[in-house]
Amino acid sequence: QKEVEQNSGPLSVPEGAIASLNCTYSDRGSQSFFWYRQYSGKSPELIMFIYSNGDKEDGRFTAQLNKASQYVSLLIRDSQPSDSATYLCAVRGNKLVFGAGTILRVKS
Amino acid sequence: DAGITQSPRYKITETGRQVTLMCHQTWSHSYMFWYRQDLGHGLRLIYYSAAADITDKGEVPDGYVVSRSKTENFPLTLESATRSQTSVYFCASSGPGPTSPYEQYFGPGTRLTVT
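So the sequence lines, in the order shown, correspond to chains D and Z. Following the working numbering, the numbering of the first sequence begins with 35 at its first residue and continues without gaps. Following the working numbering, the numbering of the second sequence begins with 1355 at its first residue and continues without gaps.
The shape of chain D in the complex, shown without the other chains (with noise of 0.2 angstroms):
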């Protein structure tokens, strides 16, 4: 079992919709969690992160984390074409790891 898996995708959302990017972890004693976009040929680029369970919500994102579940989600709201990135989940625990990342099309 991964550390931390996400689907691979991609996954396809019309424009204006919810995107809903999702991401497990197998260590229980995790205790922060990181979403980076990443544009294809570019780097990584951090847009958001959580470590209480809940929601945090920042702009037209809200990042949602259940530690019980071991699973953190991250939400686009009104998803554009420009958010078609693949978005990587990256889970603290004594190290960083990061997921191999859910490709997220947007189609106008």
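Everything labelled a hint here was simulated from the structure, so no lab data went into it. Just so it is clear, the structure is predicted and the values come from calculations on it, not from any experiment. Just so you know, even glycine gets a beta-carbon here, dropped at the ideal spot from N, CA and C. Wrong hints could be hidden among the right ones.
[To be verified] Stretch-level coverage of chain Z by chain D, calculated; a stretch enters the list once three of its residues show a Cβ under 8 angstroms from a Cβ in chain D:
(1) 1393-1403
(2) 1423-1431
[Stated by the list, open to error] Below, a list of computed lysine to aspartate or glutamate pairs in the EDC-like style, where the Cα atoms sit at most 16 angstroms apart:
(3) D:Lys-101 <-> D:Asp-112
(4) D:Lys-36 <-> Z:Glu-1413
(5) D:Lys-101 <-> D:Glu-37
(6) D:Lys-129 <-> Z:Asp-1410
(7) D:Lys-129 <-> D:Asp-112
(8) D:Lys-141 <-> D:Asp-112
(9) D:Lys-76 <-> Z:Asp-1392
(10) D:Lys-76 <-> D:Asp-112
(11) D:Lys-129 <-> Z:Glu-1457
(12) D:Lys-141 <-> D:Asp-61
(13) Z:Lys-1424 <-> Z:Asp-1407
(14) D:Lys-129 <-> Z:Glu-1413
(15) D:Lys-129 <-> D:Asp-61
(16) D:Lys-36 <-> D:Asp-61
(17) D:Lys-101 <-> D:Glu-49
Got chain D sorted already, so can you dock chain Z onto it with the hints?
Same frame as chain D, now just chain Z:
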């Protein structure tokens, strides 16, 4: 304000050659990292450094050497390049803050091809 830069951006080398990838950051961040990114594997940590003259191995350190004599520079050397080291290499840094060193900022990457 350049932030974090990497050079070269693209490199083709032959098996057995030594090659050095450079990383430079202008933020005076204490932590610096080297990752490789391969299809299906995501980002894997090669080496990291908590400060000048302090380095430690990550998940996949074999075949790589690092040094950090100055806070702003963190070069990665492939001592004898192999085809399995063909990859995209990212340097990252992390500064002070509640999520340090896990809140990381990435350079633009170096695409390395070993023939």
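Holds or violated: are the alpha carbons of Lys-141 (chain D) and Asp-112 (chain D) at most 16 angstroms from each other? holds, 12 angstroms
Holds or violated: Lys-76 (chain D) and Asp-112 (chain D), Cα atoms, limit 16 angstroms. Cα-Cα ~23 angstroms, so violated.
Outcome, coverage of the stretch 1393-1403 of chain Z by chain D - at least 3 residues whose beta-carbon is closer than 8 angstroms to one in that chain: holds (count 6)
Is it true that the CA of Lys-36 (chain D) sits at most 16 angstroms from the CA of Glu-1413 (chain Z)? Holds: Lys-36 (chain D) and Glu-1413 (chain Z) sit about 14 angstroms apart, inside 16 angstroms.
Is Lys-101 (chain D) within 16 angstroms of Glu-49 (chain D), Cα to Cα? violated, 31 angstroms
Going straight from one Cα to the other, do Lys-1424 (chain Z) and Asp-1407 (chain Z) come out at no more than 16 angstroms? Holds, at about 8 angstroms.
Just to be careful, I want the Cα atoms of Lys-129 (chain D) and Glu-1457 (chain Z) compared with a cutoff of 16 angstroms; is the pair within it? The hint holds at about 12 angstroms.
Confirm or reject the coverage of the stretch 1423-1431 of chain Z by chain D under the rule of 3 or more residues with a beta carbon closer than 8 angstroms to the chain's beta carbons. As far as the stretch 1423-1431 of chain Z goes, the hint is violated, because 0 residues have Cβ atoms under 8 angstroms from chain D.
Straight-line Cα separation of Lys-129 (chain D) and Asp-61 (chain D) no greater than 16 angstroms? holds, 11 angstroms
Between Lys-76 (chain D) and Asp-1392 (chain Z), is the straight-line Cα distance small enough, at 16 angstroms or below? holds, 14 angstroms
With the threshold set at 16 angstroms, check whether the alpha-carbon distance from Lys-129 (chain D) to Asp-1410 (chain Z) stays at or below it. holds, 12 angstroms
Taken at face value, is the distance from the CA of Asp-61 (chain D) to the CA of Lys-141 (chain D) at most 16 angstroms? Outside the cut-off at roughly 35 angstroms; violated.
Violation of the numbered hints given earlier is confined to hints 2, 3, 7, 10, 12, 17; the remaining hints are satisfied by the structure.
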